[in-house]
Amino acid sequence: MKRYLTGRIGQALLVLWGAYTVTYFILYMLPGDTLAIMLSASGMEADGLSPEDLAKARTYYGLDKGLFEQYFDLLWRALHGDLGQSLSLGRPVTALLAERLPQTLALAGTAIVLSLLAGVGLAYLTAYLQWRPLKTALARLPSLGFSVPVFWMGLLLIQVFAFALGWLPATGSQGLASLVLPAITLAIPSAAVYAQVLQRGFQGVWQEPYITTAFAKGLSRAQVQARHGLRNAALPLLTLVGLQVGNTVSGAVLVETIFSRNGVGRLAQEAVLRQDIPVVLAIVAVSAAAFVVVNLIVDLLYPYLDPRITHTAKVS
Amino acid sequence: MTIDIPLTPIDTQHTSGVAPPATPWKRRTRLQRAHQALAPLLRRPGFSVALLIVLFALFAALAPQLLTSFDPYATSPADKLSAPSVVHWFGTDELGRDLYTRVVYGARLSVLAALLAVTIALVGGLGLGVLAGFAGGRVDAALMRLIDVLLALPGLLLALAIVTAIGFGTVPVAVAVGVGIIPGFARTTRAEVLRIKTLPYVEAARLGGASWVRTLLRHVLPNAWGPVAVLATLDFGAAILATAGLSFLGFGAAPPAAEWGTLIANGRHFLITAPWVSLLPGLFVVAVVFSLNHLARSAEEHAR
Amino acid sequence: MSQPQLIQVRDLSVSYTFAGQRTQAVRQLSFSLAQGETLAIVGESGSGKSTLANALLGLLPANANIEQGELRVDGIDVAQASERVRRKLRGRTIALVPQDPMVSLNPTLRIGRQIAEALLLAHDGRRYPGLDAQVLALLEQVGIDEPPLRARQYPHELSGGMRQRVLIAIALAGDPRLIIADEPTSALDVTVQRRILDHLQQLVAERGISLLIITHDLGMACDRADRLLVMKQGELVEHASPRQILWGAQQPYTRALLNAAPAFVPRKRPPGVPAQTPLLRLSNVGKRFALPGQHAHFTALHGLNLELHAGQTLAIVGESGSGKSTALRIALGLEKPSQGRVEFAGVDISACSWRQFRPLRRRIQLVQQNPFAALDPRFTVFDSIVEPLVSFGLLKGAALERKARELIARVQLPVHFLDRLPRELSGGQRQRVAIARALALEPEVLLLDEPVSALDVSVQAQILALLADLQRELGIAYVLVSHDLAVVASMADHVLVLRRGQVVEQGPAVQVFGSPASAYTRALIEAIPGHSRSVLPVAV
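Each protein sequence line maps, in turn, to chains Z, G and H.
For the first sequence, the numbering used here begins at 62 and goes up steadily by one.
For the second sequence, the numbering used here begins at 2 and goes up steadily by one.
For the third sequence, the numbering used here begins at 5 and goes up steadily by one.
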């Protein structure tokens with residue numbers, strides 16, 4: 062077990078490093094002229110500067126060093142918690158993130174809980190019902206859920222609940238009331254995915270012979286579904302929750318923009334608009350870290366849910 | 002499940018109960034078989050409606066001028082923000098432009114961007130998946146780590162990084178979205194290749210003298226294609242949503258271009274007074290993506 | 005009738021509706037079963053026996069419809085009863101021992117818990133002191149070792165035989181009056197099956213429980229039942245005692261079933277085959293697999309020697325894990341032996357690469373075990389059959405078409421089957437197509453891996469007859485691998501018995517079957533259903 066643990070952590074670190082590197086190369090290598098971008102992000106024009114000023118700017122941004130030297134320098138500093146300076150805001154990125162992260166975490170956390178409840182609940186209901194028409198209608202619902210653009214859904218909810226009915230605020234980052242609409246909006250695509258996968262899971266599990274054994278013991282339909290069905294159908298959900306972290310972060314960018322919340326997502330949108338490279342790099346790196354950590358935890362939890370999976374050597 | 006025919010040896014000249022055909026019996030061509038397989042699908046009303054909607058969107062992407070007589074860029078301040086009517090099916094936006102026309106012309110940008118994204122993802126994902134599944138061993142492990150890295154970068158954020166680097170516009174957005182979808186294709190293809198590689202008929206083909214190339218092209222790929230095709234259709238819808246999302250955030254084509262996301266973003270400011278400016282284009286997007294999902298699911302259920 | 009029957013079925017008719025089509029599964033069936041009796045229902049696939057079992061349990065699927073008739077269990081008409089009444093009967097009056105023990109236990113719950121569930125239901129769902137003790141007692145009664153340990157384990161940690169015993173324990177937990185055993189012989193090794201069935205019958209006899217055996221195996225039914233019901237396509241064909249059936253079956257269908265069961269009669273061969281170089285020779289072949297993460301090795305084969313001459317049939321017999329499939333794969337060059345040599349037509353192929361071996365492949369072909377996965381689902385029968393010819397580039401165009409027609413005729417399928425896809429064929433038909441494909445290159449040696457184990461009994465007989473015909477016409481040599489001695493007996497000239505990778509016995513068929521030297525071979529022979537009564541009619 063210990064060997065597996067160290068191996069898995071090593072793998073996770075490798076992936077994290079890889080993600081950071083790929084993003085670095087995209088941001089620093091793809092552009093035609095990185096210096097021009099950075100200057101414009103800081104509010105200056107490259108054309109308006111003299112060659113000496115350009116050279117000074119280059120040194121200031123660290124672009125005069127060789128590519129790999131620059132990379133290792135950035136990586137080294139990142140490992141020490143220094144994620145650079147925001148070009149457009151002039152503040153340390155780490156401080157910016159620390160300010161905005163709690164908002165996003167609150168939003169994402171609430172959304173994940175809501176999506177699990179809704180998704181699992183819908184799928185459970187669909188599996189339990191036996192009346193064909195309702196069952197089919199409910200089975201189609203998840204598909205509708207992930208056909209809807211997150212941002213459009215947000216606008217629709219604002220229109221109905223904030224403007225038309227006036228129950229909840231349309232914008233803002235303070236207070237529980239302002240969390241409701243954004244969390245629901247963010248939860249919908251994930252809930253749809255969970256419902257879809259769990260529905261399929263239940264469909265598969267109902268065909269399994271051990272369900273017949275359970276019925277033959279004299280259990281009722283509700284008992285069979287709860288004790289034998291759910292546990293087996295829900296196995297793929299754990300992996301899915303891990304994968305959905307990425308989608309939740311992506312969705313947060315859109316949701317925070319619509320609802321004008323002060324989170325990391327909106328920070329990302331503003332940073333891209335102003336081509337503020339260090340901020341973009343930092344946000345992507347942190348998201349990748351979150352993804353890797355959550356998936357690592359999921360991997361380690363798996364044997365507790367599915368006893369067939371062990372992390373020791375097996376005979377093929 | 003058919004029942005086994007009885008023990009008596011069957012003559013090659015006739016079968017019981019069927020009159021021998023006048024002309025010698027011939028095998029059906031591949032086209033005839035495909036047609037026979039598709040026909041029951043088309044008879045389902047839901048499938049046909051979905052297919053029509055998708056074809057409409059594709060048609061709008063290729064020849065929008067045939068679907069509307071208005072000019073998407075012509076402003077008409079007198080008509081601004083009017084509600085949907087017989088003349089203006091979707092109403093007008095704040096500059097008096099016909100919204101329906103803008104949506105139809107927007108299809109060109111959004112749908113084509115999504116097509117480009119899915120093509121990039123297919124080529125990249127299929128290639129990686131087949132290579133990983135077929136080669137196995139170290140190559141497989143290395144490629145899977147690469148996929149893991151791509152997966153760790155959330156789709157939208159990866160797209161944001163790419164757009165930051167190479168600039169805004171429809172093509173960068175399409176490339177960004179495409180790269181983000183590659184992991185899904187690679188994993189699905191790899192899983193299918195791994196599954197099929199061990200099936201008895203592949204072994205039988207190899208024992209019958211087939212080379213690896215022949216096995217790959219004639220057995221593995223055609224059988225792996227099913228789930229991949231379903232995924233491609235589903236991801237086409239997802240790509241539309243993703244490109245719309247990016248253009249909503251302001252990274253798509255510059256105005257006055259009519260990308261769907263930009264249209265919806267535009268209407269944000271008039272949500273109270275003229276909600277249709279945002280909501281109707283969005284509804285159209287939902288219709289197209291839902292139809293795509295329906296097509297994919299129906300095809301998958303039919304194949305099973 | 006002085007005593008009320010436990011089960012009384014009168015004029016029962018059940019049909020299924022699927023996609024607008026109605027299929028009749030059971031037609032006007034009538035029979036009864038008294039307390040303490042053992043009744044066997046024998047039929048092939050599509051006979052309606054599973055439908056009957058499900059109807060008794062009240063577990064018919066939603067698209068099934070009981071059209072008419074009564075189905076009285078302990079006086080209650082299950083056909084008309086509500087779900088609540090049916091549920092009360094399940095587990096407590098009627099219990100089920102399911103077919104495949106490998107998939108009939110919930111993989112995420114511990115064994116003890118699954119048995120306790122059945123016990124709790126008999127006590128209205130309330131935990132009671134002594135529940136755990138009773139679980140352990142049950143485990144011991146069904147013959148499981150170390151009950152406290154096993155109760156805490158998960159299904160995947162037990163062997164197939166142990167899982168079957170756990171299922172029997174679950175069935176007994178509710179103290180039922182009737183146990184339905186669904187195809188109790190299909191999923192496990194022959195010797196294991198025999199022990200378990202013996203034990204089950206003993207337990208059932210001790211408690212006075214009725215046993216209803218659903219099976220396709222007429223021999224096994226004759227061995228164990230007091231009465232037999234033979235069903236065909238939903239109808240009751242014959243109803244008699246085993247003795248009556250074996251010695252004077254009335255109905256042609258029953259007689260056909262009897263004849264189709266491969267009679268355990270060694271084949272008579274003209275003695276003294278002229279000495280010639282063997283086509284296939286394995287000398288001292290051994291195969292070891294390395295276990296991941298450990299230094300130990302798993303020995304799949306050890307010290308295997310065999311020779312195959314032209315036109316002869318060599319049978320390799322063994323249970324699961326005996327290494328017989330590994331031996332075939334080594335003979336085909338799909339695996340390299342860890343030690344020893346393989347010679348085909350004089351060429352040492354254990355040292356050959358795939359490319360070097362390829363030209364020789366035309367002369368040695370394989371028919372695989374599972375007909376349902378042996379054909380590419382996207383290839384028509386025509387494509388599948390001619391593929392080897394195309395791979396070697398031997399024939400094209402019209403000549404290819406002619407050859408395909410010739411091959412399909414040879415396996416006795418109508419010519420328009422060339423157009424069909426595998427999913428439009430039954431198991432037996434697919435196996436014929438696989439044989440046709442194997443014959444396409446006109447090989448001298450045909451290796452057959454469990455060629456009939458997945459098929460119905462009457463279909464088995466057809467395929468074996470086909471193989472015998474082909475051998476007579478074409479002079480092909482066969483290596484036939486099977487766990488079923490009866491199948492092997494009708495076809496083999498030489499027999500090799502494997503057990504856990506070691507050769508236990510080897511020699512001419514008449515000698516190995518007639519006077520087996522090893523105890524294991526004797527156990528295998530005794531485990532053949534029907535053998536103990538030695539009353540199967542001899543079919544020569």
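Because the hints were derived from the structure by calculation, they are not lab data.
Some hints could be false.
Not close to chain H: a few residues of chain Z, all C-beta gaps over 10 Å, as computed [what the hints assert, rightly or not]:
1) V221
2) P230
3) Q235
4) P270
Straight-line C-alpha distance at most 16 Å; calculated EDC-like pairs for lysine to aspartate or glutamate [claimed, not checked]:
5) K27/G - D423/H
6) K27/G - D387/H
7) K27/G - D202/H
8) K27/G - E410/H
Pair ranges (Cβ atoms, derived) [claimed, not checked]:
9) R215/G - R259/H: 47 to 53 Å
10) R215/G - F302/H: 29 to 35 Å
11) A260/H - A38/G: 23 to 29 Å
Ideal placement from N, C-alpha and C gives every residue a C-beta, glycine not left out.
Status of each hint after checking the structure:
Against chain H, the non-interface label of V221/Z holds: every CB pair exceeds 10 Å, the least being about 39 Å. Every C-beta of chain H lies more than 10 Å from that of P230/Z, the closest at about 44 Å, which supports listing it as non-interface. No Cβ of chain H comes within 10 Å of the Cβ of Q235/Z; the nearest lies about 44 Å off, and the non-interface call holds. A cut-off of 10 Å between C-beta atoms contradicts the statement that P270/Z is not in contact with chain H; the least separation is 5 Å.
Note on K27/G and D423/H: the hinted pairing holds, with a Cα-Cα distance of about 9 Å set against a maximum of 16 Å. At most 16 Å may separate the alpha-carbon atoms for a hinted pair to count; K27/G and D387/H meet this at roughly 14 Å. Taking the CA atoms of K27/G and D202/H, the gap is near 56 Å; set against the 16 Å cutoff, the hint is violated. For the suggested pair K27/G and E410/H, the alpha carbons sit about 15 Å apart, so the restraint of at most 16 Å is met.
Checking the proposed 47 to 53 Å range against R215/G and R259/H shows it holds: the Cβ atoms sit about 49 Å from each other. Against the hinted window of 29 to 35 Å, the Cβ-Cβ separation of R215/G and F302/H comes to about 34 Å, which satisfies the hint. Checked against the hint of 23 to 29 Å, the pair A260/H and A38/G fails, with Cβ atoms roughly 37 Å apart.
Of the hints listed earlier, those the structure fails to meet are numbers 4, 7, 11, in rising order.
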